[in-house]
Amino acid sequence: MKKSYYLFNPGRLSRQNNTLKFVPIDEEGKEGQARYLPVESIKELYVFGSLDANSALYNFLGQQGIVVHFFNYYEYYTGSFMPRDYLLAGKVQIAQTKTYLSANKRLALARRLIEGATHNMLKNLRYYVGRGAPLQNPITQIEALWQSTATAPDIETLMGIEGNIRQTYYECFEHIVSDFAFEKRSKRPPENELNTLISFGNMLCYTLCLRQIFHTQLNPTISFLHEPGMRRYSLALDLAEVFKPLLVDRTIFSMLNKKILQASDFRTELRGCTLRPAAAKKFVTHWEERLQTTIQHRTLKRKVSYEHLVRLECYKLIKHVLEIQDYKPFKAWW
Amino acid sequence: MLYPLMHLTATHINYYYLCRRKLWLFHHGIHMEHNSDLVHAGKLVEEYSYARRSECNRQLALRARLDAHTQLLGVIDYFDPEARLIHETKKSNRKEEAHIAQMRFYQLLLKENGIEDCRGIIEYPLLRSSTEVPPLDATTEAQLRQELHTMAQMLRQAHCPPLLQTRWCRQCAYYDYCYIDEAEN
Ligand code: SF4
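Sequences listed follow chains W and P, in order.
With the first letter of the first sequence counted as 1, position 325 gets the number 325 in UniProt numbering; the numbers rise by one all the way through.
With the first letter of the second sequence counted as 1, position 78 gets the number 78 in UniProt numbering; the numbers rise by one all the way through.
Bound-form chain W, shown alone (with noise of 0.2 Å):
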């Protein structure tokens, strides 16, 4: 089976035949010993440390469509480097360009999304309800603002309400792991422990629905509820904010509560906190692990990866703008 590689540590990566070679190079230049990943094994490339690496092979990594995302020095998602569209397809396209110049198709699907990733929130707030946590008032919040996304009259309000929605769920997150405050949400740099959780693990889950995407024949740069060009990838963003309470937000809170990650784990500087090396590579562990976890499909009455249920999103967004099937968002229902 394919698997996602992380290259934490900086190194030289070149082609050898059908293998890739990974020499790492220590801060004296030394170099260690080679790994070699042979190129049907990859899924896809993380690069955290600084990577030497020709055109040659970014050809050869094109050509087997391998995506390569780069991390900087603050574990901060920087980019991706993708390969030629390689199913793209004319008809889904213009489906896809209608639905998104249609204000009013447009404003529908992105309610749609905006109703997957609140009942994800909301499934995570009750599951910790159910073990004590004092969460009924921002549930009841949560909900009211919900109802409301019913009268937005435009994209601008619908994002608006979708921002205090996350705001109040991400406030909870200190009652529902111990140690850890939350205070506000911040981003470039994060300032505290949960911050600095979330945005690693948000940006995974950028980058997984963005290789999603990449199979199948979505245009990844044209979105609903994100304004397409707020990054690159606008829809990755769009399908991120429906699986990020079932992918990341669990995943920090069985860490966090397993105590497999603890304050030592984090850094504090000047410019903010990161997680150190060794609990990167300890969340990207974890984070492989959720999305290799099975699920029964309730309709396709087979098990399938937490991963796969976000290609099957993609599915639903084809058959919506070609007409064949309303969508409808995935609700987490465990």
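Don't read these hints as lab results, they were simulated from the structure.
Just to be clear, a hint being listed does not mean it is correct.
Said to hold, decoys possible - Output of the computed footprint for chain P on chain W, the stretches with three or more beta carbons under 8 Å from beta carbons of chain P:
hint, region
1, 89–95
2, 309–318
3, 322–334
Even glycine gets a Cβ: it sits at the ideal position worked out from N, Cα and C.
Assemble chain P with the ligand onto chain W, guided by the hints.
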């Protein structure tokens, strides 16, 4: 109304027999095959069987007009001009009528290019069996042409045909695409 030229291939014929929805999706560029192991196994059978045929390249790419708006395109993987024999290799004979229709499509392409009276043989190496398809006669040709017209018409329609809902769906590369839905909570 003026239509752009439509291309129909042997894959179209094959899908037409399997499922019209699949045909419609395929025709409009919604491809799933890259992530289906079943199709991959099919490709291996093909490659393996060809490796054993040591002769020179007998591949033949052909085109012909069905009507003013429709062009037929086909690649015959193995054609023996002396014997006027078309070879096709398939993994299973589950949908043999689709394979036969595909063979007739090649026969029509050859005929339109001036090579008449070709026989076809469909080989099933995994089953160690084969099926022979006699040369086109007036009836089979008329029937095939009719099917091609129906197909072209169907593909020009904006709407995707409904789910087939047979037990074959489970093994279809489009299964997830067709059946994904949200159950009510
Ligand atoms: S899953 Fe069923 S309905 Fe869908 S394309 Fe395949 S055979 Fe046709």
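**Report entry** Hints violated by the structure (listed by number, smallest first)
**Finding:** none
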